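A.B. asks: Using the sequences and the accompanying hints, generate a full structural model.
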Amino acid sequence: MEAADSMKIAVILIVLLPLVGFITTLLFGKRMGGKAHIVPVALVTVTAALAVYAFGWVFQHQEEPFVWDAFSWIVAGRYHASWGFQVDTLTGIMLLVVGIIGMLTHYYSIGYMRGDGGYYRFFAYLNLFMFAMYMLILADNFLLLFLGWEGVGLCSYLLIGFWFDRKSASQAGKKAFLVNRVGDFGFTLGMFLVLVTTGTLQFAGVFDKAETIGAGTLLWICLLLFTGAVGKSAQFPLHVWLPDAMEGPTPVSALIHAATMVNAGVYMVARAYPLFAQSETAMLVVMVVGTFTAIFAACIAITQNDIKKVIAYSTISSLGFMFMALGAGAWVAGIFYLFVHGFFKGLLFLCSGSVIHAMGGEQDMRKMGGLRTRIPVTFWTMLIAAVALVGIFPLSGFWAKDEILGGAFAHGYYVVWLVGIVTAFLTAVFAFRMMFMTFWGESRADAEVQAHIHESPKVMTVPLVLLAIPAAAVGAVVGWPPEAGWIHRFLDPVFFAVEHEEFEWLGTGGALMAVSLAVALLGVYLAYVLYLRRRELPERLAARVPWAYEASLRKMYMDDIYEVVPVRSTIAFSRFLWTGFDVHVIDGAVNGIARLWGWFGDRLRPLQTGRVHNYAFGILAGALALVVIVGWVWGI
Amino acid sequence: MSPLDWWLLLAMLLFCIGAFGVLARRNTIVVIMSLELMLNAVNIALVAIAQFRAGSQGAGVLFSLFVITLAAAEVTVGLGIVIANYRAKRTVENDHFDEMKG
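Sequence order for the protein chains is P and X.
Each step along the first sequence adds one to the number in my numbering, with nothing skipped, and position 272 is 272.
Each step along the second sequence adds one to the number in my numbering, with nothing skipped, and position 56 is 56.
Bear in mind the hints are in silico, worked out from the structure with no lab data behind them.
Every value quoted in this text rests on a predicted model; they were computed, and no experiment measured them.
It cannot be assumed that every hint is accurate.
[Unchecked claim] Pairwise CB distance ranges (calculated): (1) X:F66 to P:A589: 51 to 57 Å; (2) P:V633 to X:I17: 26 to 32 Å; (3) P:W597 to X:F66: 40 to 46 Å.
Yeah, the Cβ is synthetic: ideal placement off N, Cα and C, and Gly gets one too.
C.D. replies: As structure tokens, this is what we get:
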């Protein structure tokens, strides 16, 4: 088993190298100043190569996953947790996404973060994130997965609040952390339930017993685990943290909040496929939440003016699409979408970062326009990403989106399919609204900003181009032919019981494909009319239905609802605990006891006269009393 | 009454006189003198018992030697305190010293 030995080394290095990078950069990065990126970027590059190597290994050993129980971690009675690693085809897909996008984002950051006061800190956090993310996808048990899960959550918090001297950034970091706590609480309970029910947390052990778990327990396990996924993957109603997370530097948005960490929830549900596949109700919940989130977020994205907020809501919508696919039973399509989404959404964010860079920090699309010729590389790569997102033949998004919609249709979820089509239409509208507002028309920027517009340095544009290639092509490469592409055969060992749909070009499949393509093109055309040809129309439209426009602009009032229900009530309750309970009951008890003894002391004080006579008398009386008592006891 | 009883009666009388002195007198020096009286009453009792009870093997005598030694030390300290007090307040009347009143 030489191959397995080399895999062991590869896996260990994949996990350890980013950790080494984190520690060294944290310790010595400050002294290296503007060169602080060298060590972390080099290490991440090596790690990416190793991740590709590991993928290649899985490629050759698709039927037998690499499972390695490295060493014990926690031993407590019958429970035993270990540092165990597992690389199967699903992990292989994730390794590619995380490795490649992680590496390119690192290179991009060299240019984007240049001159920032926290340059070394940024790369340290980024490496810590890579460590946690690799841990998450390589884990072979729920506990180790949870370690990575919380690790990426921590890094997300640190990086959202990276510019912590900005109040909004530190607030956004806290918000992300707290909202994720809600989901993680459910996830933890789910793990407890798994442990109590099956006696183990190891994936293989748990899934072997999946069929023996009672239906009710199984449903609870699935729902609790899914709660964790809802928090991590920003699904309704726990999606509110992701738009605010845009306060972080843009490479962070691309890497963590589009391509990798937010996919962790989808990955975890897919990983727990043997559990979810057993419970129809749980699948239904996953599908409904995903479908609702997809259209809900798309409705908000359509009116946002901040370029990053548009992409953020688009990401929420896309993640909803993935859950829709998983819940509808189109497992492979969901992971397929995750795979291609990582590339084109990461690219979209990186491009938006390049735009913001060119505009001198401006994020409001109303002050952009006409950038097409000024920053051509960014324009072309972003156009590829947008077309891929919208799902226009033959770019990546087309194949994956079509398989999801086809899967929903084939399983008889016609309403879901319809919602999906509407979402796809909205996606086309808001994606090209963004493109037209940013790159076409006349420039609406101030003269001062105008003068400074410039294409980003090579270190930023090269990653864009490199990422544009998979964003454009990977869908067709792995997804052709529809429903029978390479990715289906590749993921077969993981989703062992999924049946393949037949795809007929001249039947339902082809018709659905045509509909989704037509709808996407229609959306692009509508955006063209509204935001390029007749620019007065959107305002008139908004004036026609002010309530709808307002609701969309105010993010469906979700933040306001959260402000009132959990936040205010928690504050009010805490205030009661402070001024009511703490001051009166707790302090009252403590002070009351003190006062009681004070009162006793006051009564006893007169005994202490300070006169030697009285004390001497006391001594004598005591001695006499002793004599009497002793004599009485002895019976003299 | 055996001879021992007479001795013990003497010891008791001396002890009571001493105790009365300690409780009733206000002059600290007299109080210390009364204390000496009480200690010596005990010494008499110890020596008498050692003399008249068989099997004590002179332990009572030894005891009284200790008491005498301790009494000497106690008087030294006691008189030292009296002098210190006198310097502070120009009096040895102990009811003037009630600073420790609660």
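A.B. asks: So, for every hint listed, does it hold in this structure?
C.D. replies: Against the structure, the hints:
| no. | hint | result |
| --- | --- | --- |
| 1 | X:F66 to P:A589: 51 to 57 Å | 53 Å, holds |
| 2 | P:V633 to X:I17: 26 to 32 Å | 29 Å, holds |
| 3 | P:W597 to X:F66: 40 to 46 Å | 42 Å, holds |
Taken one by one, the earlier hints all hold for this structure without exception.
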